[in-house]
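Number of protein chains: 2
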Amino acid sequence: MNVGIAGSGQLGYMMILESRKLGISFNVIGQDLDGPASRIADRSYIYEDYKEFVDRSDVVTYEFEHVDGRVLDYAESEGKLKPGIFPVKLKRDRSLEKDFLHSKDLPVAEYKIAMSAVEALEIAENFGDCVIKSVSGGYDGKGQYFVKGGNVPSSIPDGKYVVERFIKFQYEASVIASRSLDGAIRMHKPSFNFNRKGILFYNAAPVSDNGMNDAVRRLLVELDYVGVLGVEFFIADGKTIINEFAPRVHNTGHHTLMGSSISQFEQHIRAICGYEIPDPVLYRPSGILNLIGVNPDRKTVEDILRLPETQFYWYGKNGIRRGRKAGHINVTAETVEEVHSKIKKLTEIVYGNAPDEFL
Amino acid sequence: MNVGIAGSGQLGYMMILESRKLGISFNVIGQDLDGPASRIADRSYIYEDYKEFVDRSDVVTYEFEHVDGRVLDYAESEGKLKPGIFPVKLKRDRSLEKDFLHSKDLPVAEYKIAMSAVEALEIAENFGDCVIKSVSGGYDGKGQYFVKGGNVPSSIPDGKYVVERFIKFQYEASVIASRSLDGAIRMHKPSFNFNRKGILFYNAAPVSDNGMNDAVRRLLVELDYVGVLGVEFFIADGKTIINEFAPRVHNTGHHTLMGSSISQFEQHIRAICGYEIPDPVLYRPSGILNLIGVNPDRKTVEDILRLPETQFYWYGKNGIRRGRKAGHINVTAETVEEVHSKIKKLTEIVYGNAPDEFL
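So the protein lines, in turn, are chains A and B.
Letter by letter, the first sequence follows residues 1 to 359 of the numbering used here.
Letter by letter, the second sequence follows residues 1001 to 1359 of the numbering used here.
Do not take every clue at face value.
[What the hints assert, rightly or not] Quick list of in silico lysine-lysine cross-link-like pairs, DSS-like style, CA-CA up to 30 angstroms: (1) B:1197 - B:1112; (2) B:1080 - A:317; (3) A:112 - A:80; (4) B:1189 - A:345; (5) A:168 - A:112; (6) A:344 - A:239; (7) A:142 - A:89; (8) B:1325 - B:1189; (9) A:189 - B:1189; (10) A:80 - B:1189; (11) A:80 - B:1317; (12) A:89 - A:189; (13) A:189 - B:1325; (14) A:299 - B:1344; (15) A:112 - A:142.
Calculated from the structure, these hints are not laboratory results.
Sequences are here, hints too, so could you generate the full structure?
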């Protein structure tokens, strides 16, 4: 079987690492031939050659929703795109995602859509504490403006925005869910997520469900989804609010690479290839620390691997720069508390006392 | 870091699958460029180009002891071979292995060395129940003659043999052990192994130790070993006898790919690259069923993956033939008994009622 992956970053890279054992060949398409996934693919393509890429793949998936549209549109027209084009469309315009979730009665923060920067700032004035989010291209906190204590920015770039009332949440959490071709739904255990500057810094599983599973189940069905879906939540007193979803494997699911009976990456590939997807077993509490903007030297890697029950994932990207994800570390331990304390140690090993300098 | 693997079969394939995440590049050398490991290597070589292969690798290991000697000799002379050439020499002539183990007071079956077929048959006459083993190239039961009830073969091919008195064992077991560059020793949990026609058919871990760990620790030190070592035992009433060792990752360690905090493959690569090796945690009882001489169709793979907590490893070899290992299935479960019963189910799914027809 030939699986095509649109996008050549770390998510595709880990799909291949995890699923080649199934006897699958992987085609990867990206901007160049040098991405982490392209370098280990069976065949690599650049976006210009999207037709050949799709034609030579039995099924096409995407590791990222903001890849070249021609690939996805052609794969969809050939009936090969899984999950289909619909969730991508919702992600290309954040206002569509919000409206969709709202229309399906799924829990989202109070929001308004602004067709211009001026309108967005007006709404923000009225909302009080809120977040102004550009509708397009926003991930890892890009294109977002936080308004606190009436401190509305004097100007922001013009464009369409979603303005969301700020939720005073206790913590962020997420669910990695999967749905098979015949509609079976499986869930990895929810994780607690800690972000810095809008980027996932570390996470740990399991954490209590707080109604997340129910919401995700409904979302999977409403999207008629196939594959792995990552859904981020805010957990507030008595409320569980969807922040956003990602129609793909997700950074908060990397912990499933260690301590789980199946990783999110293999789960996704099994689902889109039409295999039954298993109920994931979390053998042991697990978590990750992201490696962002750092390039650990030999001694640092040695120190990381010296800690019991750690694994080191290096994506091999060309050029490490501030704020860019370059790898991650997996951790398991007997208790979640121990996972947290290991991650604390690892943070010191990797970032010293100043993680913010790398993010 | 560039790691060179001599031999291009499934063991090298799984070393790469498991360790690429460490940011390592892999060179593979084999008879052709088409072996399972060659196809996913960063650079692939044929044996004729052994000099370039070694020169472009920071460290060289072997996935099999019977690879082209020029590679190993040159890598050893360059100080790059890990584990070194010594354990290979012991494996090239089974009589040296036996003498070595015996001289170190490690528990082996009573044996005699025969310099010819005639001598071997004479010894067998006197020994009673015994096994006549060719000293060279013997693995997966090849070149072995079982003598039972005085039924000595009338002739065997001429050559050097080890004749071993037959041990009435309860079962076979093995230990996957590892030793780091600085001498730290780690052990995966021992497994129960079930062979058919001299080939591993399935296994399951953990099983009781019965003194195996002690013997393996001594062996690792006596060999001044670096990397993963597989040691097979016969467990008889009150006795634990070494059958043989393999100076490499081993088929009985494939279960560490699932349900363990680290696989034997990554453990080996970490050790030879000079990293600290962790104490492996067995999260949950685990086992494998080998896929020998079979080429499961889509429906069979679906049936395999439908069983909870299974993983399917397909090596992608060219040409499936009787007795040849083509893949394996990993299984975990809450208890070892459950692992055994899952393997029984999987055996029926894969082989029907007639496994022997494929072996």
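Do the hints match the structure? See the list:
For the hint linking residue 1197 of chain B to residue 1112 of chain B, the alpha-carbon distance of about 24 angstroms falls within 30 angstroms, and the restraint holds. Restraint check for residue 1080 of chain B and residue 317 of chain A: satisfied, since their Cα atoms lie roughly 28 angstroms apart, inside the 30 angstroms limit. At roughly 35 angstroms between alpha-carbon atoms, residue 112 of chain A and residue 80 of chain A are farther apart than 30 angstroms, so this suggested pair is violated. Annotation: proposed proximity of residue 1189 of chain B to residue 345 of chain A holds, straight-line Cα distance about 28 angstroms (limit 30 angstroms).
Under the criterion of a C-alpha separation no larger than 30 angstroms, the hint pairing residue 168 of chain A with residue 112 of chain A is consistent with the structure, at around 18 angstroms. For the suggested pair residue 344 of chain A and residue 239 of chain A, the alpha carbons sit about 28 angstroms apart, so the restraint of at most 30 angstroms is met. Distance restraint check for residue 142 of chain A and residue 89 of chain A: the Cα-Cα separation of roughly 19 angstroms lies within the 30 angstroms cut-off, and the hinted pair is therefore satisfied. Straight-line distance between C-alpha atoms of residue 1325 of chain B and residue 1189 of chain B comes to about 24 angstroms, which keeps the hinted pair within the 30 angstroms bound.
Under the criterion of a C-alpha separation no larger than 30 angstroms, the hint pairing residue 189 of chain A with residue 1189 of chain B is consistent with the structure, at around 27 angstroms. Proposed proximity of residue 80 of chain A and residue 1189 of chain B is contradicted: the alpha carbons are some 44 angstroms apart, above 30 angstroms. Proximity of residue 80 of chain A to residue 1317 of chain B is assessed by CA-CA distance (about 28 angstroms); at most 30 angstroms being required, the pair is judged to hold. For the suggested pair residue 89 of chain A and residue 189 of chain A, the alpha carbons sit about 28 angstroms apart, so the restraint of at most 30 angstroms is met.
Between the alpha carbons of residue 189 of chain A and residue 1325 of chain B the distance comes to roughly 35 angstroms, so the proposed pair goes past 30 angstroms and is violated. Between residue 299 of chain A and residue 1344 of chain B the alpha-carbon distance is near 46 angstroms, which puts this suggested pair outside the 30 angstroms criterion. For the suggested pair residue 112 of chain A and residue 142 of chain A, the alpha carbons sit about 19 angstroms apart, so the restraint of at most 30 angstroms is met.
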